[in-house]
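These protein sequence lines are chains L and Y, in that order. For the first sequence, this note's numbering assigns the number 1 to the initial residue and increments by one for each residue that follows. For the second sequence, this note's numbering assigns the number 1001 to the initial residue and increments by one for each residue that follows.
Treat each hint with caution, since some may be false.
What the hints assert, rightly or not - Sample of chain L residues facing chain Y (criterion: CB under 8 Å; computed from the structure):
#1 GLU80
#2 LEU82
#3 ARG99
#4 ASP102
#5 VAL110
#6 LEU112
#7 LEU121
#8 SER132
#9 TRP199
#10 TYR219
Note that these hints are calculated values from the structure, not bench results. Ideal placement from N, C-alpha and C gives every residue a C-beta, glycine not left out.
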Amino acid sequence: MSVPQTVARPEPAPATGARAEAQPGVPAVEVRDLVKIYPRPGGGTLRAVDGISFEVGQGEFFGFLGPNGAGKTTTLEIIEGLRRPTSGEVRVLGVDPRRELDQVKRLIGVQLQAAWYFSLLTLEEMLALFGSFYPKRRPPAELLATVGLTDQRRAYVRQLSGGQQHRFSVAAALVNDPEVLFLDEPTTGLDPQMRHSLWDLLRRLNRDEGKTIVLTTHYIEEAELLADRVAIIDHGRIAAIDSPRSLIGTLDGLGHIEFATPRRIDNADLGRLPGITRVESTGNGVEPGSAAPATYRLAVSEPKAAVGALLDWSDRAGVELRGLEVVPGSLEDVFLELTGRELRD
Amino acid sequence: MTATLRLAWASTRQLFRSREVLFSMVVYPGFFLVLLVLFSRLQFETSQGAASLMDLWLTGAALLVVARGNGHAFLALIATYKSTGVLKRIAVMPVSPAQLIVAEVIPRALMGMLTAGVFLAGGRALGADIRLGPALLAVVGLAAIIVVTGLSVSFVIAGLTKSPADANALEGYVNFPLYLFTGAMWPVAAFPDWLQHVVGLIPYTGIIAAVRGVALDGQPLPAFGPELAIAAGWLALLFVAANRAYRFAQ
């Protein structure tokens, strides 16, 4: 299968001194041949980031999709100036974090994957403190209103719920009204309602305020719903970059068929049908033919042929298929196709 | 500088909202004053004469503890900053680790000086042979060196360890010589001659000698130039080490 790969980009513009605002036409983020190698305890090395290159345009919502340990956070932290790369080049709005780190820090907002805060400062005190470090800043009251925490302005962070803490993290990342916002797995650990609430906030920041957002996630849905473009990353390498729709479009008809049966079917019978590449089912270990309900998820390369073959087979075998549904391919299928493993592996 | 002062103000706010102030300014000084009164008749005999435990500890071990405040709580706090990502959060903003360190030190140095002054005056009221007036001011200044040295040691420990538990364990090993061999608990004159030369190089030894010389014997502070030079050298070294060790950088 062919997928859009990272293409060669023009040479990044050299850093030209302090700039307070984004330069029109300059990419928000440029990364070229980035490598980060860590020594392993006990000897050897780990290539956490293995020669990746990409660009993010100004105003773009860019997602990094990959499992834990894929190199997403390390890449982000190198761009933010928190870690030094082993080799490669990074520019944020044309500025090199290795040479002008403070300038980069003034241009970006960072929401860390796990960051605690001063435990005995209220939310508004903390935002006022953080904002005081920057020449350009947003008032705490406005930030708290943006993330829906006005009523909690005099609370300590530890008194907030998990979702409220995540929203406060986003507010803290916005104190300097940044040009580029980096979010590292912002919704991990949140329940679906809180996750949707945070997604709404991020969409508003991108669409209404024009913020460039670079987000890492291992949630397929998050990347599909939010990102203009997604980089699929695994083992420190980018396997593909494109819009979610285009990436899914490269699947050439890949998708799933899902259904339930009142009695157990032998997975091997289904696997022999044309167009079906993989069979997953509940009720494994139950003898085929037993009156035990089960659900099936069939990965298919040719949905139309597979559905026809499945319906013919069910007629012949006298198997009732309940809730038959053809599910189009998703980024998870793209990830599986590109890396040979599932995101949750 | 402005960012440092704002951080220092934030640190002060947190300090006064915590129990640290209660322990540092009331519980520890009160505990030691009661303890010293109870053992006020105890004396150390050395080749250079007798010294009462009350005078010795009031200007030694107790002063170290009182001036440093709730040192364990502080170490736990800054080790927690490192392990939970507060330090990382600071690192993504245009603020340096040195600014954070100075900001945490300022309010505690002021609190240590105030507490040490009140503590020594309280000791005098309870019978210790402590000089007040200009001598007390000099001792309060020395207390600031004790505080900053102690906090710098804490920052180095927090920087070198991965968790508050590790930091606490390492602090135990580091504090052992600082309290036992610096004359804080018993007179340095009681040590063998060779050991007296060695312990003179430990950060607190010279400061404690200067405190006793000024507060108990009425000597002028400049008479302790070599001791203070060693203490200042340690202070500079420890601050540089703290700045290098206590940061988020990989």
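Checked hints:
Because the closest C-beta pair between GLU80(L) and chain Y is about 6 Å apart, less than 8 Å, the hint holds. Because the beta carbon of LEU82(L) sits about 6 Å from the nearest beta carbon in chain Y, less than 8 Å, this interface hint is met. Taking 8 Å as the C-beta contact cut-off toward chain Y, the hint placing ARG99(L) at the interface is violated, the least distance being around 15 Å. Interface hint status for ASP102(L): upheld, as the beta-carbon distance to the closest one in chain Y is roughly 5 Å, under 8 Å.
Because the smallest distance between the Cβ of VAL110(L) and any Cβ of chain Y comes to about 4 Å, under 8 Å, the interface hint for this residue holds. Residue-level restraint check for LEU112(L) holds (minimum Cβ-Cβ distance to chain Y is 6 Å; threshold 8 Å). The beta carbon of LEU121(L) comes within 6 Å of a beta carbon in chain Y, closer than 8 Å, and the hint placing it at the interface holds. This hint holds: SER132(L) has a C-beta 5 Å from the nearest C-beta of chain Y, less than the 8 Å allowed.
With a least beta-carbon distance of about 23 Å to chain Y, the hint placing TRP199(L) at the interface is violated under the 8 Å criterion. Evaluation of the TYR219(L) hint against chain Y yields a violated restraint, the C-beta minimum of about 21 Å exceeding 8 Å.
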